[in-house]
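Protein chains: 2
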Amino acid sequence: MNFELKAQDSKSKARAGVLTTAHGEIQTPIFMPVGTVASVKAVHQRELKEDIKAQIILGNTYHLYLRPGTDIINGAGGLHKFMNWDRPILTDSGGYQVYSLSNNNKITEEGVKFKSHIDGSRHFFSPEKSMEIQRNIGADIIMAFDECPPYPSTYEYAKNSMDMTHRWLQRCIDWLKENPELYGFEQSLFPIVQGSTYNDLRKESAETIASHPCDGYAIGGLSVGEPHDEMYAMSDLVCSYLPEDKPRYLMGVGTPANILENIALGVDMFDCVMPTRNGRNGMIFTSEGIINIKNKKWERDFSPLDPNGTSFVDSDYSKAYLRHLFAANEYLGRQIASLHNLRFYLWLVNEAREKIIDGTFASWKNVMVEKLQTRL
Amino acid sequence: MNFELKAQDSKSKARAGVLTTAHGEIQTPIFMPVGTVASVKAVHQRELKEDIKAQIILGNTYHLYLRPGTDIINGAGGLHKFMNWDRPILTDSGGYQVYSLSNNNKITEEGVKFKSHIDGSRHFFSPEKSMEIQRNIGADIIMAFDECPPYPSTYEYAKNSMDMTHRWLQRCIDWLKENPELYGFEQSLFPIVQGSTYNDLRKESAETIASHPCDGYAIGGLSVGEPHDEMYAMSDLVCSYLPEDKPRYLMGVGTPANILENIALGVDMFDCVMPTRNGRNGMIFTSEGIINIKNKKWERDFSPLDPNGTSFVDSDYSKAYLRHLFAANEYLGRQIASLHNLRFYLWLVNEAREKIIDGTFASWKNVMVEKLQTRL
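As you go down the protein sequences, you meet chains A and B in turn. According to the UniProt record's numbering, the first sequence is numbered sequentially starting from 1. According to the UniProt record's numbering, the second sequence is numbered sequentially starting from 1.
Chain A extracted, bound-state conformation:
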């Protein structure tokens, strides 16, 4: 894996780069659609490539481990082949879902015992187990197994958790050294900075994480309920301690405005379920602001869904038609909203990239952030 910086904004810390993987190039900054159980909900893989123009997608290790199971994914020759996606994939470590979704999880130095949210069956994840599962899934980028402390956390909890995350990272690295890749291409481990919202812990974690030579570095434990200003402060601080020449991935973020603000702070990669999950609830993100398509005000608005939109759904369907589909609880409504929102997120990060390259990012960002938060 190789990362090349192409441009840096003079009025912010925003960067434009190219990340090269075994499954192709990724132009950064980039947004990664979330394909939890080997499917980005309600969109075809063909649409992901040709209409949404996704360059990399994310899979969730916890979900894939439970269904269909690593044995079946391995039988298919890895996740790329199983789901027919030949561009890059990133998998998370499973940790976050173990803490947030499973029942009765119990965290020790060794790892985490938990019960499946599907059938209550008992399982155990450790750094080694997470690596083994991610080897079998076969993503291009795999994530270190960490603990993601809740917000707020006491200083003591956050520090102990961070220290354990650092020890777990070494176990991940050790396991990967001893266990070669399965499918003939490189898998890059991204370690994760933790430390809750404590400046000194974030600094310590960023320095510790950065001391390991890796292809990229992630910022975890944000977008878990803290105010946006605290998220930006932590992101800013952490980026200042991470290597300049490697991509930085802010996990689980966020709204379109969150993404632009974090790009300005030097973040290169993002993922979030918001475009699909909120889309399925009728929230449509556009360059002029946010539409709640369920509102009666759109009932007789026969204008295109998004006149500035760049995918076929924006011109093929009207606001009134999409509102009707939501009112009638039709599948197609969720499909249109998901496809539109994902394309919008990909368009937005590509616009940011072009503005960084042509030197107009900072002023454009300030105008856009205002617009993006407007309720239409």
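No lab work stands behind these hints: they were computed from the structure. No experiment lies behind these values; they were computed from the predicted model shown. There may be inaccurate statements among the hints.
In this list, chains with the same sequence are indistinguishable; a pair is considered to hold if it fits within one copy or across any two.
Claimed, not checked - Listed next, the in silico DSSO-like pairs over lysine-lysine satisfying Cα-Cα at most 30 Å (straight line): (1) 115 / 53; (2) 41 / 81; (3) 297 / 129; (4) 159 / 41; (5) 53 / 81; (6) 49 / 81; (7) 294 / 81; (8) 53 / 11; (9) 294 / 49; (10) 49 / 159; (11) 296 / 203; (12) 294 / 203; (13) 53 / 41; (14) 6 / 49; (15) 11 / 159.
Chain A is already provided as a structure; the job is to place chain B on it using the hints.
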């Protein structure tokens, strides 16, 4: 509207024709995907055209009247514009759904009082009202308002019902004469033959219906629970009394085998929710037989969904992947199954058409009917 017969099979009563409407040509025999509330469930209009290759779709008057309502469809300039579908559309009369879906319906000579299945609100459909709604929806083919008697029905009930359907037909014709089209193109009324499973009633109804000069004729009241042999007998009998030079539409039929058998009896047009509804439940129709994709036997079958299939989903996705999507209750599973099944139905009727034209229909049909009913 114009219908031209292109070929007739020498060993059966199968016909191949071309039906020309204001929104383009339809090659018969044809299957019409059902787009109940202005959406063929779980497929985009673009997929309907380019992948499924649908030539005409069906809308349900009862559903569209309740949601979004004729006023909104009229505001959009008719259903074609509202849903962005520029090929032909057929709407049913609303009668069948009033009897099968609504609560407390009460049928009199004047019409049918009923309560909405959505919110219990009270409504009244009559032949005139059905025509008025269908004028506003603006389909190319509109259906006469009839009563569809249940199976089994007593001879007396079936006869009285049929007589009323004939009187209602005249009221439909009278209303249409006095009320011009709204959107600048022709709407053709298809009357409906009733008579339950009584030979003499079916003959009487077919002759009565055929005495009205119309652009096409429909056979109603079948596929409502009667044995397949009775359906075929009625269809055969009715076709023998309908004009040779007009298209014949068998409403609500059916399985792939049902469709081929009825093509052999001289039917030209079909509609059914089976490919989409059964698809959403995991039933996949193929040229080799029927797959229940939820079965464990497909869990590790990484071969293409349908190697003989003619749409992108057949090669893009494996059986194991589709099974996983159903096991995980993912939207994409329903989307793939719906698209595949609809394309399969359209492929099947087009194959039938080509076999009719090249004179090999009857023997091909017998082989196919066997295969189509095999459980894989």
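Evaluated hints:
no.: 1; hint: 115 / 53; in the structure: neither (37 Å within a copy, 47 Å between copies)
no.: 2; hint: 41 / 81; in the structure: both (18 Å within a copy, 28 Å between copies)
no.: 3; hint: 297 / 129; in the structure: between (51 Å within a copy, 28 Å between copies)
no.: 4; hint: 159 / 41; in the structure: neither (36 Å within a copy, 51 Å between copies)
no.: 5; hint: 53 / 81; in the structure: both (19 Å within a copy, 28 Å between copies)
no.: 6; hint: 49 / 81; in the structure: both (15 Å within a copy, 28 Å between copies)
no.: 7; hint: 294 / 81; in the structure: between (38 Å within a copy, 20 Å between copies)
no.: 8; hint: 53 / 11; in the structure: within (29 Å within a copy, 52 Å between copies)
no.: 9; hint: 294 / 49; in the structure: both (28 Å within a copy, 28 Å between copies)
no.: 10; hint: 49 / 159; in the structure: neither (42 Å within a copy, 58 Å between copies)
no.: 11; hint: 296 / 203; in the structure: neither (49 Å within a copy, 50 Å between copies)
no.: 12; hint: 294 / 203; in the structure: neither (44 Å within a copy, 50 Å between copies)
no.: 13; hint: 53 / 41; in the structure: both (16 Å within a copy, 25 Å between copies)
no.: 14; hint: 6 / 49; in the structure: within (24 Å within a copy, 42 Å between copies)
no.: 15; hint: 11 / 159; in the structure: neither (34 Å within a copy, 84 Å between copies)
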